[in-house]
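K.L.:
Make the full structure from the sequences, and use the hints.
For the record, the sequence lines run as chains A and B.
Under my numbering, the first residue of the first sequence carries the number 1, and numbering increases by one thereafter.
Under my numbering, the first residue of the second sequence carries the number 1, and numbering increases by one thereafter.
The reader is advised that the hints may include incorrect statements.
[Said to hold, decoys possible] Cross-link-like lysine-lysine pairs, in silico, BS3-like; alpha carbons within 27 Å at most: (1) A/K49 <-> B/K486; (2) B/K385 <-> A/K6; (3) B/K469 <-> B/K33; (4) B/K33 <-> B/K17; (5) B/K495 <-> A/K49; (6) A/K49 <-> B/K498; (7) B/K104 <-> B/K639; (8) B/K33 <-> B/K22; (9) A/K92 <-> B/K385; (10) B/K35 <-> B/K202; (11) B/K218 <-> B/K469; (12) B/K498 <-> A/K6; (13) B/K104 <-> B/K623; (14) B/K322 <-> B/K639; (15) B/K375 <-> A/K147; (16) B/K202 <-> B/K218; (17) B/K35 <-> B/K183; (18) A/K147 <-> B/K373.
In case anyone wonders, no lab produced these hints; they're calculated from the structure.
Residues per chain are reported as follows:
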Amino acid sequence: MRLNLKIWRQAGPAATGHLEDYTADNVSPDMSFLEMLDVVNEGLARLGKDAIAFDSDCREGICGMCSLVVNGVPHGPDRGTTVCQLHMRRFKDGDTITIEPWRALAFPIVKDLVVDRGAFDRIIAAGGFVSVNCGGAPDGNTLPISKEIAEQAMDSAACIGCGACVAACKNASAHLFMSAKISHLALLPQGQVERHHRVMAMIDQADVEGFGSCSNEGECEAVCPKEIPISNIARMTREYVRALLVAGK
Amino acid sequence: MAITLDPKVPSGPIAEKWDRHKFAMKLVNPANKRKYTIIVVGTGLAGASAAASLGELGYNVLNFCIQDSPRRAHSIAAQGGINAAKNYQNDGDSVYRLFYDTVKGGDYRSREANVYRLAQLSVNIIDQCVAQGVPFAREYGGLLDNRSFGGAQVSRTFYARGQTGQQLLLGAYQSLMRQVQQKAVRLFPRREMLDVVLVDGKARGIVIRNLMTGAIEKYAGDAVILATGGYGTAYYLSTNAVNSNVTAAWRAHKRGALFANPCFTQIHPTCIPVSGPHQSKLTLMSESLRNDGRVWVPKNKGDRRPPDQIPEDERDYYLERKYPSFGNLVPRDVASRNAKQACDDGRGVGESGLAVYLDFKDAIGRIGVDSIKEKYGNLFQMYQKITDEDPYKVPMRIYPAMHYAMGGLWVDYNLMSTIPGLHVLGEANFSDHGANRLGASALMQGLADGYFVIPYTIGDYLAANPLPKLTIEHDAFKEAADNVQKRIDTLLSVKGAKTIRSIHRELGAVLWDDVGMSRNEAGLRRALERIPKLRDDFWHNVSVPGTPDNLNQSLEYAGRVADYLEFAELLTLDALNRRESCGGHFREESQTPENEALRDDANYSYAAAWEFKGVGKAPELHKEPLVFDEVHLTQRSYK
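P.N.:
This is the structure:
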């Protein structure tokens with residue numbers, strides 16, 4: 001296949017970016033999307049030109065590092081798929097593909113297609129944990145947890161923190177990301193003690209970082225590579241109201 | 001400096017060594033802990049758990065990682081589970097049995113005392129993770145569920161669907177972020193360690209490159225901990241993340257830390273085969289599939305018919321034929337070698353001929369599509385996404401791939417390398433898995449090292465050693481930073497015509513062909529001739545585009561490949577030195593009449609720890625004799 005690519009190039013955080021045209025030749029349908037970009041970069045290297053910077057690591061959909069907007073959709077056209085798992089057989093010879101970085105105030109561009117997602121780490125640091133020091137934990141079977149609850153908690157805990165939800169949202173809201181962690185811990189007995197503090201602290205931090213609020217469009221759910229549902233956001237809202245009323249926070 | 005290889009194994013019966021040692025070790029008074037700065041490199045299971053635990057204790061911790069967030073470390077990709085001797089299933093498990101299975105699984109090439117401690121601590125890990133809110137799988141009664149894994153006859157593997165590594169890492173990451181919030185840990189993402197700084201012979205700091213700005217930065221501390229993972233990507237294609245690398249460990253080696261058993265590499269039998277030269281990594285299909293899938297190739301060489309047109313009597317279910325009692329569930333090393341033999345014999349399948357079938361037809365006939373879907377649905381889906389083939393209808397094609405490094409920097413019982421103050425945890429060290437790692441044991445080791453070993457042993461080091469205050473103004477920091485800068489400048493100045501990737505690919509091919517699943521003297525000598533030539537080619541002809549003063553992924557990659565071009569020689573030399581087969585290291589010269597790995601305990605019952613003498617110069621071999629007081633050495637058999 002031969003593909004026309006329009007790729008966002010931006011020299012640094014403060015530079016002005018633009019879309020630049022590239023051609024990808026001899027693209028095999030068995031290549032992953034990122035392998036196609038590797039080949040483009042090898043071509044640039046042979047010409048001594050600066051490679052297109054993009055993030056990736058595990059290349060099997062679990063580390064959450066890859067972060068490309070493909071034709072306007074974070075992670076591209078396939079549902080429940082990170083862009084590293086997207087394959088070129090999804091495209092046709094002669095297609096034009098636009099590739100952009102996550103765009104959100106809270107995710108400043110580092111270079112080209114690479115963004116800084118430190119804001120997510122700071123939201124977790126604000127309260128996305130259970131405060132147990134190493135050493136004093138009771139036996140793992142002390143607290144029985146129903147299979148159903150454990151499975152629900154796991155559904156939420158599956159979030160890979162990639163930030164596609166933010167990139168898809170017109171408000172650049174981090175609600176799906178936050179609500180996944182809040183749900184995971186609120187569902188389990190271990191998360192009860194800090195339940196109220198957690199939701200308040202994380203939401204406050206998201207405001208500080210410059211993420212927007214949620215207006216219930218559900219674009220986040222549609223692009224989430226782990227298909228985390230927006231029912232998590234409903235649960236987070238209940239947690240928030242509960243913290244306000246019950247705990248008077 | 002003369003190297004003394006003292007494993008510092010405590011005296012006493014094996015079951016009491018760790019407890020006695022904990023009491024014998026010196027302590028740092030709580031008020032004094034904050035006066036010590038500890039540098040932790042890496043944020044995988046070992047690094048994150050160590051940084052979090054040391055922060056909780058009150059130390060001042062600096063934690064570095066190459067990714068944009070500590071949560072992305074490659075521990076996150078582990079699928080299957082984590083072993084622990086809880087005996088919740090009442091099936092006869094015990095600390096001693098987990099210890100025994102691990103020593104045997106490692107083909108008797110690990111240090112008994114370390115393995116015993118690992119088995120002891122395994123039970124604490126599960127408790128700690130549950131308390132953090134790790135959503136382990138549960139039974140209907142609400143208690144923790146277990147499953148079985150290779151190399152064990154008890155059910156001791158705890159799991160969170162097929163994402164156990166992710167959930168354990170997020171537990172450690174969340175504990176780490178809590179310490180960051182409390183200002184006990186300072187986090188430095190997108191930083192790559194490029195040298196360790198020694199003052200008076202002790203590790204006192206590191207030099208890193210800030211990957212966002214390109215700045216060379218120096219950090220001083222009282223001790224350094226490396227938790228930087230394994231070296232699988234030396235082979236170019238592996239199941240490792242594309243940024244995994246040996247650089248931090250290798251630079252420490254060049255500063256005097258001995259590298260042990262680098263030839264002990266694990267090739268995983270069930271991976272999706274290579275589809276073309278564009279391939280950047282290989283994807284693992286969990287070994288659990290071999291519970292229901294049958295491995296076969298055509299009986300006749302060069303049979304290119306599609307699988308459904310090959311009649312039953314023209315198929316060779318070679319594992320079932322050769323190993324009737326274990327069948328398709330032989331250990332990883334045996335399954336991998338047999339797949340290679342079938343393909344070398346011209347009976348491989350698929351376009352490349354480098355694959356064997358893993359066929360679920362009989363299992364689907366026996367228990368139905370729905371049961372198979374329930375058990376393996378996510379794996380089948382992943383397979384289909386990558387290959388565009390439906391494994392419910394067409395047999396999977398699988399082939400072995402480089403997966404895990406049992407070798408690593410040599411450490412003593414306290415996890416300290418031969419450089420005082422430099423500690424090494426997790427996959428980056430060599431200590432616990434011998435010549436072959438059992439499934440679900442890597443997560444166990446990473447967390448044991450980080451949560452439960454280093455918090456004790458580092459206190460002993462700090463309390464026992466005078467560590468005068470110093471800053472990054474010390475000359476040793478300048479010398480190290482100058483070295484790092486010089487190497488970067490050289491990389492950028494070559495301006496050749498070859499891409500970094502093309503040279504890495506060549507190196508990978510050399511290692512895979514001659515230092516892969518099956519090794520012999522002639523092949524290893526051939527590799528030892530080719531690697532220095534490749535290294536020469538790299539330094540004369542590589543093209544590293546871009547500038548050093550901003551995010552430059554080509555420069556990062558070039559530095560890692562340059563280190564692999566040095567490391568690969570040591571890996572090969574170690575394989576040449578060890579003229580015996582054991583675990584994942586198969587020397588063709590040393591096999592039983594049935595072509596199984598044959599150990600030579602009389603001559604090779606030692607850990608080979610290599611001392612760096614210069615690039616291209618012969619390293620010096622130091623031997624740590626392995627003494628087995630508890631486990632009786634036997635020949636493994638799976639017939």
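K.L.:
Decide, hint by hint, whether the structure agrees.
P.N.:
Going through the hints against the structure:
As the CA atoms of A/K49 and B/K486 are separated by approximately 22 Å, the hinted pair is consistent with the 27 Å bound. Our distance criterion of 27 Å between C-alpha atoms is met by B/K385 and A/K6, whose separation comes to about 25 Å. Pair hint B/K469 plus B/K33 holds up; C-alpha atoms about 14 Å apart against a cutoff of 27 Å. At most 27 Å may separate the alpha-carbon atoms for a hinted pair to count; B/K33 and B/K17 meet this at roughly 26 Å.
Restraint check: the Cα-Cα separation between B/K495 and A/K49 comes to about 11 Å, which is no more than 27 Å; the hinted pair holds. For the proposed pair A/K49 and B/K498, the alpha carbon gap of about 13 Å is at most 27 Å, so the pair holds. With a CA separation close to 17 Å, the supplied pair B/K104 and B/K639 stays within the 27 Å bound. Restraint check: the Cα-Cα separation between B/K33 and B/K22 comes to about 18 Å, which is no more than 27 Å; the hinted pair holds.
This hinted pair checks out: A/K92 and B/K385 have alpha carbons roughly 17 Å apart, not beyond 27 Å. Annotation: proposed proximity of B/K35 to B/K202 holds, straight-line Cα distance about 18 Å (limit 27 Å). Straight-line distance between C-alpha atoms of B/K218 and B/K469 comes to about 15 Å, which keeps the hinted pair within the 27 Å bound. At most 27 Å may separate the alpha-carbon atoms for a hinted pair to count; B/K498 and A/K6 meet this at roughly 26 Å.
Proximity of B/K104 to B/K623 is assessed by CA-CA distance (about 21 Å); at most 27 Å being required, the pair is judged to hold. Between the alpha carbons of B/K322 and B/K639 the distance comes to roughly 7 Å, so the proposed pair stays at or under 27 Å and holds. Restraint check for B/K375 and A/K147: the C-alpha separation of about 17 Å stays at or below 27 Å, so the hint holds. Note on B/K202 and B/K218: the hinted pairing holds, with a Cα-Cα distance of about 16 Å set against a maximum of 27 Å.
Taking the CA atoms of B/K35 and B/K183, the gap is near 14 Å; set against the 27 Å cutoff, the hint holds. Under the criterion of a C-alpha separation no larger than 27 Å, the hint pairing A/K147 with B/K373 is consistent with the structure, at around 20 Å.
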